[in-house]
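Novice: One letter stands for each residue in the lines below.
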Amino acid sequence: MSHGLVDIAPQNWVISMSLNKAYAEFVDILGHENVLREADEILPYSICRYSRSELKPALVLKPTSVQQLSRLLPAAQRYGLSVTPRGSGFDSAMGSLTNGGILIDLTGLNHVLKVDEENCTITVQSGATFESIAKDLASKGLSIGLEPIASLKATIGGFIASHGVGYGSLRHGSILNTVREIEVVLSDGSIVRTGFKGIPPGGTGYDLSRLMVGSEGLFGIITEATLEIFPLPELTTNIASAFSDIEEGRSILKEILKKASTLSSMYFFDEGLIRILQTGSFKIPYERFIGMVRLEGVKEVVTQEVNLIETIYHTPLHPQVSEQLWNHRFLHQIIETLKNPVLVDEHRLPTDKNVEAYRTLRDLAAKNGVKSAFYSLQTSLDSNLVIFIVYGDDLGKVNVTRKEIEDAIISLGGKPYTAGFRRAEAMRKASPALPDMLIKIKRVLDGTNLFGTKGWIC
Amino acid sequence: MSATLIDCLSGIVGKNNVSCKEADLVCYSSDLAPLPDIIISTYGIKAPSVVVRPKNAGQVSEILEFANKEKVPVTPRGGASSAMGGCLPMDGGIVLDMTSMDSILSVDENGMRVRVQAGVTFERVLKEMGKKGLKLGCFPSSAPSATIGGYISNGGCAGIGAPKNGPIALHILQLEVVLPDGKRVSVESPYSSLFVGAEGTLGVITQAALRAYPIPESFRVLSYGFNDVASACSGLEKLFRSGIKPYFLTFMDRHFLEITSKLGLDVPSYEMIIFTALEGSKESVAAEEVAINKIFSFGKMLDVTFALEEWERKYKAELFIKRAGPTIILVEANVPIVKLREAISRLKDVSKRLGLHICLYGLMGYGGSMLTMPIVLTDERRGEEYFNTMLAALKMTSVAISIGATVYSVGLHNSIFMELIHDVKRLEIMKLLKRMFDPLGIMNPGKLTECRMAWLTSLLKTG
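Chains Z and R, in that order, are what the protein sequence lines are.
Just so you know, the first sequence maps onto residues 0 to 457 in numbering that gives the first Met the number 0.
Just so you know, the second sequence maps onto residues 0 to 462 in numbering that gives the first Met the number 0.
Rather than coming from a laboratory, the hints here were simulated on the basis of the structure.
Cβ coordinates follow ideal geometry from the N, Cα and C atoms, glycine included.
Any given hint might turn out to be false.
Claimed, not checked - Straight-line distance between alpha carbons at most 16 Å, and here's what the computed EDC-like set of lysine to aspartate or glutamate pairs gives:
no.: 1; chain 1: Z; residue 1: Lys258; chain 2: Z; residue 2: Glu322
no.: 2; chain 1: Z; residue 1: Lys258; chain 2: R; residue 2: Glu216
no.: 3; chain 1: R; residue 1: Lys237; chain 2: Z; residue 2: Glu299
no.: 4; chain 1: R; residue 1: Lys237; chain 2: Z; residue 2: Asp115
no.: 5; chain 1: Z; residue 1: Lys253; chain 2: R; residue 2: Asp107
no.: 6; chain 1: R; residue 1: Lys299; chain 2: R; residue 2: Glu216
no.: 7; chain 1: R; residue 1: Lys182; chain 2: Z; residue 2: Glu117
no.: 8; chain 1: R; residue 1: Lys130; chain 2: R; residue 2: Glu108
no.: 9; chain 1: Z; residue 1: Lys196; chain 2: R; residue 2: Glu216
no.: 10; chain 1: Z; residue 1: Lys298; chain 2: R; residue 2: Glu288
no.: 11; chain 1: R; residue 1: Lys68; chain 2: R; residue 2: Glu216
no.: 12; chain 1: Z; residue 1: Lys257; chain 2: R; residue 2: Glu288
no.: 13; chain 1: R; residue 1: Lys237; chain 2: Z; residue 2: Glu117
no.: 14; chain 1: Z; residue 1: Lys253; chain 2: R; residue 2: Glu108
no.: 15; chain 1: R; residue 1: Lys321; chain 2: R; residue 2: Glu257
no.: 16; chain 1: Z; residue 1: Lys439; chain 2: R; residue 2: Asp180
no.: 17; chain 1: R; residue 1: Lys281; chain 2: Z; residue 2: Glu299
Stated by the list, open to error - Here are the computed distance ranges between Cβ atoms for each label pair:
no.: 18; chain 1: R; residue 1: Arg434; chain 2: Z; residue 2: Pro43; range: 50 to 60 Å
no.: 19; chain 1: R; residue 1: Glu311; chain 2: Z; residue 2: Asn326; range: 45 to 55 Å
no.: 20; chain 1: Z; residue 1: Asp27; chain 2: R; residue 2: Met435; range: 29 to 39 Å
no.: 21; chain 1: R; residue 1: Asn292; chain 2: Z; residue 2: Asn326; range: 50 to 60 Å
no.: 22; chain 1: Z; residue 1: Glu335; chain 2: R; residue 2: Glu311; range: 56 to 66 Å
no.: 23; chain 1: R; residue 1: Arg434; chain 2: Z; residue 2: Pro431; range: 47 to 57 Å
no.: 24; chain 1: R; residue 1: Lys68; chain 2: Z; residue 2: Lys428; range: 31 to 41 Å
no.: 25; chain 1: Z; residue 1: Gln332; chain 2: R; residue 2: Asp348; range: 42 to 52 Å
no.: 26; chain 1: Z; residue 1: Val354; chain 2: R; residue 2: Glu418; range: 46 to 56 Å
no.: 27; chain 1: Z; residue 1: Arg287; chain 2: R; residue 2: Lys424; range: 52 to 62 Å
To be verified - Here are some, though not all, of the chain R residues that point toward chain Z, as calculated from beta-carbon distances under 7 Å:
no.: 28; residue: Met111
no.: 29; residue: Arg112
no.: 30; residue: Leu125
no.: 31; residue: Gly154
no.: 32; residue: Cys156
no.: 33; residue: Leu169
no.: 34; residue: Gln173
no.: 35; residue: Glu187
no.: 36; residue: Pro189
no.: 37; residue: Gly196
no.: 38; residue: Glu282
no.: 39; residue: Tyr365
no.: 40; residue: Ser408
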């Protein structure tokens, strides 16, 4: 279907001619050190953290100010180049990669601009990492309430662009809940503020702030965000338990979900993930399933609910193991230990489909002779973020298995966490009407298709 | 509209669901806050030619396709419980009465979600969910008449549950929308956000899947009387910063209480009363109560009977006050809590200068916003007085905006503030989005991105 939006793919010689001219202009704006084109400099940008790929940018630009970005984009547009923004590259769908286009590394825009304790907000540049934001806030007894499950080195801009959910979501929702205002640079270089710092979006016309959530860099480049902040809880506690099978695990966790009011995170994983954890430095006991809940809130309430949960759990793990498990919660750090070709896939799934999703993964992995691991984070009462890890010596088999699981998950009502290059087709299958609608928005915000479509919004 | 066109619409929805009766057309030209003839004629508001009541999305799609072909304006309408004129058919044409699309399609306690047609009222959905021990995360205080689609379309920011669980935008899993060209689309969160607060200008919401929440074991209502506004406001600021999220919170000023008392209710006399409802587990509610008592220690904790009665009245506050009118003009300013004290004092100054009696009522929203509603009582039958009062109300809105507030739903009356609230670029994007989705401009014309009352701005400056 043609919507007038076609990913730019001119002949090689055209690219190299315009690239040379563009290069000079980019250097003029950014300085030599912030325009990368040598093979060894560019190589790290062909990785999205969970996997390597063949996709390489032609140039990597590292702006350090919004003004630079606002000059870069119209220049790129003039030279007919395609632009992809990138945070720390922790996505699992290759959304932060480009095939021969310009990659904009936003990690140079990493300042915490303002902590407004009166209004309970923080304003940060989009390339700031969760780690640096948390550090800044913790000294004031505050937090942004959410953490991505991949790594604290992920950037806030990437999290917003992927409609991020993570640790803390049971208490604070997704990033959609806490976003107040976003600054975004459009392809024509214009800088747009989407809302208000003092008031959450809604009820004053079209909600441009929430429109940027989940936009995956296809509408514009998020450069700044104002988010709600929360006082650090008086007490946090982690309690883990072993489960003999997934039914037992689900029913116990469901009961806790119903009864505990201080839950901030709840997740469980299978023996596959436990085995991967065991290959690392962490000496975790072998179990079939492990479930983990994190409570946070007022001391006496948390304490009471810990007691309650201890009566619900059949086989609680030692408190020290629980703490260690929490310290090993970031998936990137867990998966890094694997040597084999590995594929990680993330989907949002209705909560009542967890057991089926797990069985599907297990059966498909067994059928295809690859290893697998399953992880599921409760992100709200109705949804989970499920992670499938597939690995083995045979990349072909790994690929086939991943694809089969993806199909099965979509037929269960799941949706890819993000589209990116890799899950664009799956996203179209899961939400067939969405691209048509998003194209209309894209035509308004990025009429010249500078940011491409990744095969999703087309 | 010609008889042939009416026949076409009858062909789509059936004869019984099309009405051109004079009484219906008059009825469908107004919302909760009826306008006098003088305003209707100065604003150029037309009566609709026809009221159409679709039963399903297929019919909505056919109606919009038809309207596009014939270039007939379409104004969707739910419970019409907003007072901002959002459902008034500015250019006449078709009023799409959504209230016949009122099926509750599923209440899924395993998946923790509910799927409903957009024209069903909140009260009915809540009743049905209650049978399974479930409820919605937030709902408007006009739940008996407000429809799901109407609340979503108006932004759904303040209401019961909103301070704790967030606005309706955060409870939507999926929307089915019929776009202006008649195309039906299913849109999941977060992409559904575009239609939240779009006020029927980008299409018609026909179905929604919303998150379900369990009805918690414990519920508690509390109220506090304050002898000065300042200490009530600083209490609210402290509450916001404490991270405690009440389930529901309202405030009422002295004038509001006086009128309520005149209307025969037994209410205590204070400069300001704060009412709040908490819910959750037994332990968490108990702990929150202790903390809130401390935060509001400058006020006097009121007898629980008042709090219980206030909870019973939760659906009726504005409508009740209306009896003293008989007409109310509502200003709905969404004020950052940290600016509340300033906003209240500025609003009182303005109203005093204009010789008006306002009563103040407020609803806590999400994330530190306080929907502040100066209510002006008037009588729409006295046109000129009404007009001046209305100008005063607009003046109050602009004062609130000048100190950092926004409006809550734009509709007709607040469309003149869009340029004040948004910068040029943001407004331009909104206009382009409107044109992209609705190139012929048939959906709810004269609202939101379009302001036909710019002439009023000059009156505001002089008045």
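Novice: Are the hints correct? Go through all of them and say.
Specialist: Status of the hints after comparison with the structure:
For the hint pairing lysine 258 of chain Z with glutamate 322 of chain Z, the CA-to-CA distance comes to about 22 Å; that exceeds 16 Å, so the pair is violated. Between lysine 258 of chain Z and glutamate 216 of chain R, the direct Cα distance comes to roughly 9 Å. Compliance with the 16 Å bound is thereby established for this hinted pair. With a CA separation close to 21 Å, the supplied pair lysine 237 of chain R and glutamate 299 of chain Z exceeds the 16 Å bound. Under the criterion of a C-alpha separation no larger than 16 Å, the hint pairing lysine 237 of chain R with aspartate 115 of chain Z is consistent with the structure, at around 14 Å.
Using a Cα cut-off of 16 Å, the hinted pair lysine 253 of chain Z and aspartate 107 of chain R holds, with the two alpha carbons roughly 15 Å apart. Between lysine 299 of chain R and glutamate 216 of chain R the alpha-carbon distance is near 27 Å, which puts this suggested pair outside the 16 Å criterion. Distance hint between lysine 182 of chain R and glutamate 117 of chain Z is unfulfilled; the C-alpha atoms sit about 46 Å from each other, more than 16 Å. Straight-line distance between C-alpha atoms of lysine 130 of chain R and glutamate 108 of chain R comes to about 11 Å, which keeps the hinted pair within the 16 Å bound.
For the hint linking lysine 196 of chain Z to glutamate 216 of chain R, the alpha-carbon distance of about 36 Å lies beyond 16 Å, and the restraint is violated. Distance check on the hinted pair: lysine 298 of chain Z and glutamate 288 of chain R sit about 15 Å apart at the alpha-carbon level, within 16 Å; holds. Under the criterion of a C-alpha separation no larger than 16 Å, the hint pairing lysine 68 of chain R with glutamate 216 of chain R is inconsistent with the structure, at around 54 Å. Under the criterion of a C-alpha separation no larger than 16 Å, the hint pairing lysine 257 of chain Z with glutamate 288 of chain R is inconsistent with the structure, at around 21 Å.
Straight-line distance between C-alpha atoms of lysine 237 of chain R and glutamate 117 of chain Z comes to about 10 Å, which keeps the hinted pair within the 16 Å bound. In summary, the hint linking lysine 253 of chain Z to glutamate 108 of chain R is supported, as the alpha carbons are separated by about 12 Å, within the 16 Å threshold. Restraint check for lysine 321 of chain R and glutamate 257 of chain R: satisfied, since their Cα atoms lie roughly 14 Å apart, inside the 16 Å limit. For the given pair, lysine 439 of chain Z sits about 13 Å from aspartate 180 of chain R by alpha-carbon distance, which is consistent with the 16 Å threshold.
Under the criterion of a C-alpha separation no larger than 16 Å, the hint pairing lysine 281 of chain R with glutamate 299 of chain Z is consistent with the structure, at around 12 Å. For the pair arginine 434 of chain R and proline 43 of chain Z, the beta carbons lie near 42 Å from each other, so the given range of 50 to 60 Å is not met. For glutamate 311 of chain R and asparagine 326 of chain Z, the hinted distance range of 45 to 55 Å is satisfied, since their beta carbons lie about 50 Å from each other. At about 35 Å, the CB distance of aspartate 27 of chain Z to methionine 435 of chain R agrees with the hint of 29 to 39 Å.
Range check, asparagine 292 of chain R to asparagine 326 of chain Z: Cβ separation about 38 Å, and the 50 to 60 Å hint is violated. A hinted range of 56 to 66 Å holds for the C-beta pair glutamate 335 of chain Z and glutamate 311 of chain R, which are about 58 Å apart. Remark: the range hint 47 to 57 Å for arginine 434 of chain R to proline 431 of chain Z is contradicted by a beta-carbon distance near 25 Å. With their beta carbons about 32 Å apart, lysine 68 of chain R and lysine 428 of chain Z fall inside the hinted range of 31 to 41 Å.
For glutamine 332 of chain Z paired with aspartate 348 of chain R, a C-beta distance near 58 Å fails the hint of 42 to 52 Å. For the hinted restraint 46 to 56 Å between valine 354 of chain Z and glutamate 418 of chain R, the CB-CB distance of approximately 54 Å keeps it satisfied. In this structure the hint that arginine 287 of chain Z and lysine 424 of chain R lie 52 to 62 Å apart at CB holds, the actual value being about 56 Å. The beta carbon of methionine 111 of chain R is positioned within 7 Å of a beta carbon in chain Z (closest approach about 4 Å), and the interface hint is therefore held.
Taking 7 Å as the C-beta cut-off, the interface hint given for arginine 112 of chain R holds, the closest approach to chain Z being about 5 Å. With 7 Å as the threshold, the beta carbon of leucine 125 of chain R stays out of range of chain Z, its nearest partner Cβ sitting at about 17 Å, so the hint is violated. For glycine 154 of chain R, the shortest C-beta to C-beta distance to chain Z is roughly 3 Å, which falls under 7 Å, so the interface hint holds. A cut of 7 Å between beta carbons decides the hint on cysteine 156 of chain R: the least distance to chain Z is about 5 Å, and the hint holds.
Below 7 Å, beta-carbon pairs count as interface contacts, and leucine 169 of chain R has one with chain Z at about 5 Å; its hint therefore holds. Using the Cβ-Cβ criterion of 7 Å, the hint placing glutamine 173 of chain R at the interface with chain Z is not satisfied: the shortest such distance is roughly 9 Å. For glutamate 187 of chain R, the interface hint holds, the least distance from its beta-carbon to any beta-carbon of chain Z being 6 Å, beneath 7 Å. For proline 189 of chain R, the interface hint holds, since its Cβ comes within 7 Å of a Cβ in chain Z; the closest pair sits about 5 Å apart.
This hint holds: glycine 196 of chain R has a C-beta 5 Å from the nearest C-beta of chain Z, less than the 7 Å allowed. For glutamate 282 of chain R, the interface hint holds, the least distance from its beta-carbon to any beta-carbon of chain Z being 5 Å, beneath 7 Å. Given hint, tyrosine 365 of chain R at the interface with chain Z, holds; its Cβ is 6 Å from that chain's nearest Cβ, closer than 7 Å. Nearest Cβ of chain Z to the Cβ of serine 408 of chain R: about 5 Å, under the 7 Å cut. The hint holds.
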